[in-house]
Every structure is written in C-alpha cells, then in structure tokens.
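Visitor: So you can see what is in the structure, the chains are spelled out below.
2 protein chains.
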Amino acid sequence: MECTPVMDLPEVRPGDDIAELVADRASLEPGDVLTVASTIVSKAEGRTADFADYPVSGRAREIAKRLEAVTGEEKDPRFAQAILDESSEVLIEAPFLLTETRFGHICPNAGIDQSNVPDHDLLLLPKKPSESAERIRSGLEKRGLEDVAVIVTDTCGRPFRHGQRGVAIGWAGMPASRDWRGELDRDGHELGVTVQSVVDELASAANLVTGEGADGTPVVVVRDWEFGDLEGSDELFRAVEDDLVRDALRNWRFDE
Amino acid sequence: MECTPVMDLPEVRPGDDIAELVADRASLEPGDVLTVASTIVSKAEGRTADFADYPVSGRAREIAKRLEAVTGEEKDPRFAQAILDESSEVLIEAPFLLTETRFGHICPNAGIDQSNVPDHDLLLLPKKPSESAERIRSGLEKRGLEDVAVIVTDTCGRPFRHGQRGVAIGWAGMPASRDWRGELDRDGHELGVTVQSVVDELASAANLVTGEGADGTPVVVVRDWEFGDLEGSDELFRAVEDDLVRDALRNWRFDE
Chain A
1 MECTPVMDLP EVRPGDDIAE LVADRASLEP GDVLTVASTI VSKAEGRTAD FADYPVSGRA
61 REIAKRLEAV TGEEKDPRFA QAILDESSEV LIEAPFLLTE TRFGHICPNA GIDQSNVPDH
121 DLLLLPKKPS ESAERIRSGL EKRGLEDVAV IVTDTCGRPF RHGQRGVAIG WAGMPASRDW
181 RGELDRDGHE LGVTVQSVVD ELASAANLVT GEGADGTPVV VVRDWEFGDL EGSDELFRAV
241 EDDLVRDALR NWRFDE
Chain B
1 MECTPVMDLP EVRPGDDIAE LVADRASLEP GDVLTVASTI VSKAEGRTAD FADYPVSGRA
61 REIAKRLEAV TGEEKDPRFA QAILDESSEV LIEAPFLLTE TRFGHICPNA GIDQSNVPDH
121 DLLLLPKKPS ESAERIRSGL EKRGLEDVAV IVTDTCGRPF RHGQRGVAIG WAGMPASRDW
181 RGELDRDGHE LGVTVQSVVD ELASAANLVT GEGADGTPVV VVRDWEFGDL EGSDELFRAV
241 EDDLVRDALR NWRFDE
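Going line by line, the protein sequences match chains A and B.
For the record, in the first sequence the residue sitting at position 139 is 139 according to our numbering, with numbers rising by one throughout.
For the record, in the second sequence the residue sitting at position 168 is 168 according to our numbering, with numbers rising by one throughout.
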C-alpha cells in the first residue's frame, strides 16, 4: 500500500471543481483511493461564514457565558450559535463544545475551523460529505478516471487517547467498513475482531503524509490497497442506542 | 509512504525472538517504522493463560452475573476475573466490560483475546508494550538494523464511531505524537490542530495491510514516512483529569 500526496494544488476557491484540480495533477488508476481534506471540500462548496451571519439565541449566549466562566477565556456567543446551527445534538457544553453534526459526526465545535479561512471568520464542514465525495468521484469518472473511491477526511481528538488523528466523514465508491465476522484464525477459531473501519484507517494513513501547515497537501492517493472479498457496510457513525458513551454524556455535567 | 507486510512469519511461540524472525525475512532501512501486532508479542512473551489460573473473587462473580442478565449469554466468571487482574480501573461493567489496563490502554475486556491462542484459553496483552517495543528495537539494532522505530499495535472499537481500527499500545525509537502548536497555515493563522497522534495513525495504516484471518500478516514495514522537525511527545493515553468521557462513565450506570 502506498500513500502519495498530490502536489501543487492551488488555494481552493468557491466553485472550484476538485475532481478537475486533481485530475490535472495526479495520474490515477482503477482501484486507487483518493482522500480529500474537508477544508478544501468546504472551500470549493463555499462553506465559509462570518460571525455577522449568526444572530445570537438565548441558548448560545448561555453556553458562551458558561464556557467563559469555566475556561477563563473570552468566547464569542456568535461562534456558539454557529456551532448550534450546524449540530443536531450537544453532548458536552463545557469545558468545550462537543456536538453531533447534522450528518452524524461527533467532534468539538461541530468541526468549524477558525484557521484556514482567508477573508472569512469561519469554515464550516461540508453539509453532506458523502455527497461531496460522490460528486468528486463522478467528476473523476467523467474525465475517464474510473473506479476511484473518494474519502472526505477531518482530523479530531477522541476519548481516552491524547492527540488528534485523521477520520473519514464522507465516502463514495467503497463501503465504510469491512466485516470479518465468521472468518477463522489460523487455528480455526472465530476471530475476536468484527467490523474494521477501513475508511477511518485510510483517513489516518493519509493524514500521515498530509501535513497541516503552510505546506500542507490536502489530497492523497492511496494505491495498492484492496478491500478484498469480505462483506462491506456503510455504518460509520454509531447508532444512538449503540453508543454507551453518548448515553453517559447525556447524563453528565462538567463539575466546575 | 509505503506499507508492506512481512511475509512468511512462522506461528510465534513462547521465547521466540521477534527481532530475529523479522530480520531474517525483511530488509529494513534506517528511518523505517516496524509495526508488530500485540498478539505475536504476547505469544513470544508467553502471555497465554487458562481459566484455571483465575480463582474467582466476589466482584468477578457479581460482574459475570450482571453481564449474563444484561446480555442473556453465559459468562464465565473466571474470564471476568482475568480482566480484573489485568486492569487498574473498570469504566463500564455492563453490557460489556470496558477497563483500563495496567499500562493505560482503555479497551473492552482488557484486550484479552479468546481466539488466536492454540493450546490455551486466553491471550493477554503484553504487560508493558513500550518495553516490548524497545526490546524488539534493540534486537534489530544488535543485528545491524539501526534507526528502526517499533510500534506494538492492537485493534479495538471506540465511542461515537462504529467498527474497530488499529491503535498503538507501545512504541520505541520515536515519539507517540507530533506537536503542531504554534505552526501557521497558508494565511499565517495559527492552526486549529494541536497534537497529532502519529503512532495511532501508523497503527491504523498498518492494519489496512495486516489482515485478520488465517492469512494474517502481523508485522508491517512503513517506509518513506518522516516524523519531520516538529516537537514530539510521549503522551498517548489521556491523563485522568483530561478525560471527560472517563469522568462521565465513572458517574454512569447502564440502564437495564
């Protein structure tokens, strides 16, 4: 398996066609997986916003006040409002906002970025990242680049473990996970492992060669990786009833 | 970056020298990262066990009873005892056991494996996986294979997201994470990302080419990946006071 960044992409602007930008710079082969950082997908889709776009509700004002009290740092209630607008559920209010985005991804601040946005205050995540992935995939297909899977990636932290890692937030042209249930080990025992989240692992692999700084390369080609002939599934975000930690957080409040 | 499995490893037995097994089969270069599945590290270190090794405490009996009641499946209290013996804290008792191992890794059943163990009931995780990684690293060095980092990997599930992915549980010859704090984006803004858990991302990348079944290849060489000149840190497992989800789980009980 080989991960190679696509070099010399220009700064992406609203209306840019990512499939075209990539097709002009990378030689893609059938079976390749293309990972695309959500930042450039959002930029192409014009998902920038300004604080002035967010009239503040009582809830956002309360949240911002509590965050200020807990962290001792100034918090703009319009940022809290932007996060609420992008979210279907707030899981943690303080000491930071952890929410579920409307497409099911649980991450701090609904994934809204305050860096990476020239001329605007905020960069929102793509509205429906799997649809974004599908648009890029079919854009490549139209240019004769067939059988390329596309993953839209984000980076975020997680419980229990320090630091951030790459994750998938949208995908097209492949299943999200690979199902090993019923497979046997060398000794003929059924495997302990069940479902492998391959899109997240591909996003993590790509993030190792992406870089975050001024010389970041937001698109990576993964070659010579095969899904294999196991069953696939498109579950990536846990169902509510299957997520004990969500349940625990719903019944918890940060102790100030 | 290239991930290549090491082929033709034999079934690993207690006392086997993993550095020797790998050195005989892979041509390693300075700067390579070697990922090694914890299963074969445990086998080499003789970390097998049998149910008979675990006289059952009242606590283990209680936990097994509750698990039976919740799941409707038979649970061996000796398995619960083995998990307790390997753990420093129980975070979830039901509907499954989520614990922190004595070396800081939070995962179901203290990572104890009931498949993958010929002639025994259980395969425990290595006692101190970073020390295991260091032994393999220095074993390679003795054979003239210098400047190879080693990561001991596990696969496990996570909150919020469905499926399992590869994670690091021990490492040597490189830092666990890469610190981007203070770096600037293209527009000169400070980055939103902070600390990147590179050992976890390497473990995930490797897991894509490892395979889980009878033809699994537990060792992978990652080549042409560079840590770069950013600061590193060896924090991987969150400190208790930094882990809100652990706090929420401590105050939560599964609603039967």
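Hints may contain errors.
A pair holds if it fits inside one copy or across any two, identical chains being indistinguishable in the list.
[Claimed, not checked] Below are the SDA-like pairs computed for lysine to any residue, each with C-alpha atoms no more than 25 Å apart in a straight line:
1) Lys-142 / Ser-27
2) Lys-128 / Phe-103
3) Lys-128 / Gly-139
4) Lys-142 / Pro-118
5) Lys-142 / Leu-184
6) Lys-65 / Pro-95
Derived by calculation from the structure, the hints in this document are not laboratory data.
Visitor: Now tell me if each hint is right for this structure.
Guide: Going through the hints against the structure:
| no. | hint | result |
| --- | --- | --- |
| 1 | Lys-142 / Ser-27 | within (15 Å within a copy, 42 Å between copies) |
| 2 | Lys-128 / Phe-103 | within (6 Å within a copy, 40 Å between copies) |
| 3 | Lys-128 / Gly-139 | within (17 Å within a copy, 49 Å between copies) |
| 4 | Lys-142 / Pro-118 | neither (31 Å within a copy, 52 Å between copies) |
| 5 | Lys-142 / Leu-184 | neither (41 Å within a copy, 36 Å between copies) |
| 6 | Lys-65 / Pro-95 | within (11 Å within a copy, 37 Å between copies) |
Of the hints listed earlier, those the structure fails to meet are numbers 4, 5, in rising order.
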